[in-house]
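The listed protein sequences derive, respectively, from chains A and B. With the working numbering, letter number 4 in the first sequence gets 4, and the count goes up by one each step, no holes. With the working numbering, letter number 288 in the second sequence gets 288, and the count goes up by one each step, no holes.
You may find that some hints are simply not true.
Claimed, not checked - Here are the simulated EDC-like pairs of lysine to aspartate or glutamate, each with C-alpha atoms no more than 20 Å apart in a straight line:
hint : chain 1 : residue 1 : chain 2 : residue 2
1    : A       : Lys21     : B       : Asp174
2    : B       : Lys295    : A       : Asp208
3    : B       : Lys176    : A       : Glu99
4    : A       : Lys235    : A       : Asp208
5    : A       : Lys235    : A       : Glu214
6    : A       : Lys121    : A       : Glu148
7    : A       : Lys164    : A       : Glu176
8    : A       : Lys135    : A       : Glu222
9    : A       : Lys151    : A       : Glu176
If you're looking for bench data, these hints aren't it; they were derived computationally from the structure.
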Amino acid sequence: MTAPMRIMIVDDETPARNRLKDLLADCADSFPNEVVGEAANGREALDLMSSEPADLLLLDIRMPEMDGIEVARHLLSLPQMPAVIFTTAYDLYAIEAFEVNAVDYLLKPVRGERLLGALQKARQNRPPGPAQLQKLAQRPRTCLSVQERGKIVLIPVSEIIYLKAEQKYVTIRTHEREYLLEESLTNLEQEFTARFIRIHRNCLVARDSITGFEKVTEDGEEAHWEVVLKGVEEKLPVSRRQQYLVKEFEK
Amino acid sequence: MPSINQNAYPGALPNFRNLGILLRILLLVNGVCLIAAAVKSASIQQTLQEFTTIAALVEPILILSLMVLMLANPWLSKLPFFRGAFIVVLVELALTSLVYQLEGSFLGTGIGPLERLWLFCLLITTALIAYFQMRSRLFSPALAESRLQALQARIRPHFLFNSLNAVLSLIRSDTKRAEMALEDLSDLFRVLMADNRQLSSLQQEVDLCRRYLSLEQLRLGDRLQVEWRIDDMPRDAQIPPLVLQPLLENAVYHGIEPRSEPGVININIFLKNDRVHFVLSNPYQRDGAHHAGNKMAMENIRERLSLHFDVEASLTVTLRDDLYQVHIIIPYLRPEK
Numbered sequence: 001m002t003a004p005m006r007i008m009i010v011d012d013e014t015p016a017r018n019r020l021k022d023l024l025a026d027c028a029d030s031f032p033n034e035v036v037g038e039a040a041n042g043r044e045a046l047d048l049m050s051s052e053p054a055d056l057l058l059l060d061i062r063m064p065e066m067d068g069i070e071v072a073r074h075l076l077s078l079p080q081m082p083a084v085i086f087t088t089a090y091d092l093y094a095i096e097a098f099e100v101n102a103v104d105y106l107l108k109p110v111r112g113e114r115l116l117g118a119l120q121k122a123r124q125n126r127p128p129g130p131a132q133l134q135k136l137a138q139r140p141r142t143c144l145s146v147q148e149r150g151k152i153v154l155i156p157v158s159e160i161i162y163l164k165a166e167q168k169y170v171t172i173r174t175h176e177r178e179y180l181l182e183e184s185l186t187n188l189e190q191e192f193t194a195r196f197i198r199i200h201r202n203c204l205v206a207r208d209s210i211t212g213f214e215k216v217t218e219d220g221e222e223a224h225w226e227v228v229l230k231g232v233e234e235k236l237p238v239s240r241r242q243q244y245l246v247k248e249f250e251k
Numbered sequence: 001m002p003s004i005n006q007n008a009y010p011g012a013l014p015n016f017r018n019l020g021i022l023l024r025i026l027l028l029v030n031g032v033c034l035i036a037a038a039v040k041s042a043s044i045q046q047t048l049q050e051f052t053t054i055a056a057l058v059e060p061i062l063i064l065s066l067m068v069l070m071l072a073n074p075w076l077s078k079l080p081f082f083r084g085a086f087i088v089v090l091v092e093l094a095l096t097s098l099v100y101q102l103e104g105s106f107l108g109t110g111i112g113p114l115e116r117l118w119l120f121c122l123l124i125t126t127a128l129i130a131y132f133q134m135r136s137r138l139f140s141p142a143l144a145e146s147r148l149q150a151l152q153a154r155i156r157p158h159f160l161f162n163s164l165n166a167v168l169s170l171i172r173s174d175t176k177r178a179e180m181a182l183e184d185l186s187d188l189f190r191v192l193m194a195d196n197r198q199l200s201s202l203q204q205e206v207d208l209c210r211r212y213l214s215l216e217q218l219r220l221g222d223r224l225q226v227e228w229r230i231d232d233m234p235r236d237a238q239i240p241p242l243v244l245q246p247l248l249e250n251a252v253y254h255g256i257e258p259r260s261e262p263g264v265i266n267i268n269i270f271l272k273n274d275r276v277h278f279v280l281s282n283p284y285q286r287d288g289a290h291h292a293g294n295k296m297a298m299e300n301i302r303e304r305l306s307l308h309f310d311v312e313a314s315l316t317v318t319l320r321d322d323l324y325q326v327h328i329i330i331p332y333l334r335p336e337k
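In isolation and in its complexed conformation, chain A is listed as follows (with noise of 0.2 Å):
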């Protein structure tokens, strides 16, 4: 006998989560299972994950502030990566997505035994990596999440001044703090580059948060340019590649 699967349902719409928990309950003797948690949102979900640690999540993809393949990939942080089966009642994009990637997806209304097979099959096949929750994304995150203590820490991506690539990490400066994330810069740029821009090989400014340009002149050595922020003291150098930006800048 195996432990009963633990089971999160994220869903905003509460008679949705009844039908799910209705469900799962009906598929109890077939497949053991637990509904360890149910969330209303993403991040409600994310904040539950740490205390009640989840095997597979039902996730809606449709909610409000944050979508599904959202929460999928911040899921992504944690040490160990649940299951994850989405759940859509029609979203013709995310549907051809979903078929393309080979992740599996529910339609809502959910039938039993559909949910007793993706239960199955989730519990043999590995979760969706993070290639392809990025395939999946219908639109840029609207938070970097960090692995703390267990707990995943979410960083609104609009508090976010600079980006900064330090060999294996990249450093996220917010106005109060840092944080250091695994992921490429290039990556990054890609996603949110209506947001930020490159000033240097190694760091992404976000355009809100540039306030000026200055000139440095230090002894022995040929003049640059720094960008000035908003809220931090530091000043960050502009590469010679990516000098007309300050001409941009100024326009």
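Using the hints, position chain B against chain A.
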């Protein structure tokens, strides 16, 4: 795609009490007179002179005709098309003769014999009737198709499946509510699948909207708050069906669903200067994820309003801070007794 309803659009005389129709008649008749004057003359000055002579005869006929037709409109609109058209032609010939008799004495012989005027009158009247007939034919496929679109665009599949899902969740725990929800759903779909060319009463549309909103409430719970201000609305006003419901669906989809906190949809319907005003507002999420579906629904409503009311209806959308507002004005049409 074949329409469910294979009947051709029945012919109908235009609504002679509609401002847009009246304007069109005035412009077209005067346009024809101007062309006639231009054909007869060699210079612009002469054209103007000719036009004045023609206008002196035509304008009284035109004004009288419009008045008579406006008065007779309720009665005319009930007649079968060809009989109605025949009567309109007779009325025009009679009015032409009348004005000719009254004015003929002091206009002199410059306008020619009465028979010639009859011929002109006959031509212009039939041409105008044919024009209005063609115009409504042109729009009629749009109407027939709108029922199919109703299923595809107006009621989003998203709404249908989520509602069914909500009903399923209730069947075990709250049978009574599940029953009510299914009743609401079938009422809603009955209207959606009906032939929506006929006008319905404002009260009926409001009832339909209430059914729709109670279904949405089922799944969204407290997140959906609705404020109705309809105490002063004219319940009997005739409006095209499904004008309000798709707007509410937009409001829920774009204004309420993307929020975690409760949001309010305001519905204000009132009568002012013999016009029915609909003001709908909902919170607006500025995340750029605005769908094309919204525009489609809006265009569909705009088209149907202009078909039913021509220039007398208006639809304006305003975006203020984080409030999305739609304002529709249509003439107050009372039901026919």
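Cross-check of the supplied hints:
1. A:Lys21 - B:Asp174: This hinted pair holds, its Cα atoms lying about 15 Å apart.
2. B:Lys295 - A:Asp208: violated, 31 Å
3. B:Lys176 - A:Glu99: violated, 38 Å
4. A:Lys235 - A:Asp208: Holds: Lys235 (chain A) and Asp208 (chain A) sit about 15 Å apart, inside 20 Å.
5. A:Lys235 - A:Glu214: Holds, at about 9 Å.
6. A:Lys121 - A:Glu148: The given pair, whose Cα atoms are some 31 Å apart, is violated under the 20 Å limit.
7. A:Lys164 - A:Glu176: holds, 16 Å
8. A:Lys135 - A:Glu222: violated, 43 Å
9. A:Lys151 - A:Glu176: This hinted pair holds, its Cα atoms lying about 19 Å apart.
Hints 2, 3, 6 and 8, counting from the list given before, are not met by this structure.
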